[in-house]
Amino acid sequence: MAFLDLSNLQKFYGTNHVVKDFSIGIEKGEFISFLGPSGCGKTTTLRMVAGFEVPDQGAISIDGQDVVRLKPNQRNIGMVFQAYALFPNMTVAQNVGFGLKIAGKPKDQIAERVTEMLALVGLKDFGARYPFQLSGGQQQRVALARALAPSPQVLLLDEPLSALDAKIRVSLREEIRNIQRDLGITTIYVTHDQEEALSMSDRIVVMHDGIAEQIGEPFEIYNKPASRFVAEFVGTLNLIDATVEDSSTGRVKVAGQHLELGRSLEAVNGATVSLALRPETVRLGRIADGDQTLTGLVEEVSFLGSVVRIKVALGGNHIVLDTFNRTISKPPSIGDQIEVSFPSESVMI
Amino acid sequence: MSKKIWSWLALVFGILYFGLPLLGTLEFSLKMRRGVYSLDAYAAVLNDPQFRATFSYSVIMALFTIVLGVIIVVPTAYWVQLKYRRLRPFIEFITLLPLVIPPIVVVFGYIRLYNTSSWLPLTGSAMGTNILLMFGYATLSLPYMYRAVDTGLRAIDVRTLTEAAESLGANWLTIMTRVIMPNVLVAILSGAFLTFAIVIGEFVMAALLNRPAFGPYLQIMGANRAYEPAALAVIAFAITWACMGLIQLVTRFQKFSRVAR
Ligand SMILES: Nc1ncnc2c1ncn2[C@@H]1O[C@H](COP(=O)(O)OP(=O)(O)O)[C@@H](O)[C@H]1O
Ligand SMILES: [Mg+2]
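Going line by line, the protein sequences match chains A and B.
When we follow this note's numbering, the leftmost residue of the first sequence carries the number 262, and every step to the right adds one.
When we follow this note's numbering, the leftmost residue of the second sequence carries the number -5, and every step to the right adds one.
There is no bait here: all hints are sound.
Pulled from the structure, derived: some chain A residues nowhere near chain B, Cβ distances all over 12 Å: (1) 264; (2) 284; (3) 285; (4) 369; (5) 372; (6) 445; (7) 453; (8) 575; (9) 578; (10) 587; (11) 599; (12) 606.
Quick list of in silico lysine-lysine cross-link-like pairs, DSSO-like style, CA-CA up to 27 Å: (13) 77/B <-> 332/A; (14) 591/A <-> 572/A; (15) 289/A <-> 332/A; (16) 332/A <-> 366/A; (17) 77/B <-> 281/A; (18) 362/A <-> 385/A.
I should point out that these hints are in silico values taken from the structure, not numbers from a laboratory.
Even glycine gets a Cβ: it sits at the ideal position worked out from N, Cα and C.
Throw the hints in and build the complete structure from the sequences for me.
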């Protein structure tokens, strides 16, 4: 059995079935993200692990011990909230030392641990301040230090960076991941931001409507999405309607042009299927032999700094593609007729 | 321009409306000795053993009432905020009842329920009656206490703070005393101050339960003397202002005030 084991969790709010048969085994020291749109049940699942909600069915065990009957204050779990939730009436040091004080640790031991934790989150000299004297990012670091101070078995974070601005979000997520790795603490990180999940996690659980649609490493989730939902939610996706011409060889027709997918399709001849393509797999022009090529009209060109994003119209369909901004070649202009190409293996159906 | 004139007029009217009677009372209270201003009335009041006895009785009653009110109201408002939000209108209705039901009805109810031949003869002893009176006072101050505390609780994120403390191992009592109470201290104090003011001046309950409180004493003095009641009124007013000043002081010196200074 895994270190942190959730099996067949179910949760109803009235008749609203919020979590449906959710299972995952998390190894010691693993960093797992729950990724999904708002309202898909991420927070509810996390709160069941923390003990704030009781599952209607299913089991949760930590290190072999069944914890479903334990109250939140008996679970030895560290929690970080989106809203920081620092105690306004306590200094930073008192906040961080709160859990140890509750546990009845001696004063000097608490002071030592508080110093250590504040150093860990880079706020060595902030112990005497009050939360209202800190920026959002600093408050969230304190909240992390506070959650980690009593050495919990599991760390839970519920969208901890959502309230911060973009720059701090990126730097803090690296910091959180580094601290997590250093301490080797088993962690569940809830987010609706795919970039966060992809960049931080050992494994990602993509959630949809109370169900774990796919569990896997970031690479796997991105490149081999198990369902259309996962493919669409994680990363940008071009969807193109195509008519099947020969399902045994994978010949399809898109806006009057033919594509050879080089594999047999499940759909029957004459059926309409939708092809999915990641923007970064599509290239401008004809580059490699054997690539599939389509011709269309440039509809939009957006300059994103290091990358230029081009939207191409193909009959009623659109393809968005990203190309590196090379100083020597000027990007095409709107209305130009251009060719785009992509390897047939990169087409998802 | 004319707008400004109106606001000045309103201000002057307000000052006259509230200030003049006060000034008149103050002036009158100083005229006990014929022809000159003196503090004779104050000396007479402060030296009256009855004043000392009734006033300290009421102060002690007020303190106990405040403690009782805090014990009842803070956890209730906290639970309503945390878990039973749907009950809020119902609880608010209950806390407003003391404004609608006259104290005389409440106290007759008490006397009927707790008289010497009842199952709980509280009125049979002085201590029992004191306790009954304290419950009566707590009821009277309920609307003010509840409203003050509820407002204070709404200003903090009760649920998340509670959960943060819980996940750090805190139990209910610890959360209440170390996390919730300190953060609504100012609200509790303003509720306490209102309770204090109500208890010090309350007449009906104390008189009908026949306890030696300050309210009945004020009434007796008012009916029998001329200058002393004016002095008493000024003293009562000074106490009220002192309480308000104290609240201001506490707010000012609360180190963690969320408003940047
Ligand atoms: N305490 C609650 N009572 C009733 N419904 C709730 C409660 N908490 C969450 N829900 C509902 O459960 C669903 C999942 O919520 P949540 O787990 O918070 O989603 P997420 O964190 O993925 O955005 C939502 O439809 C939400 O409205
Ligand atoms: Mg959520």
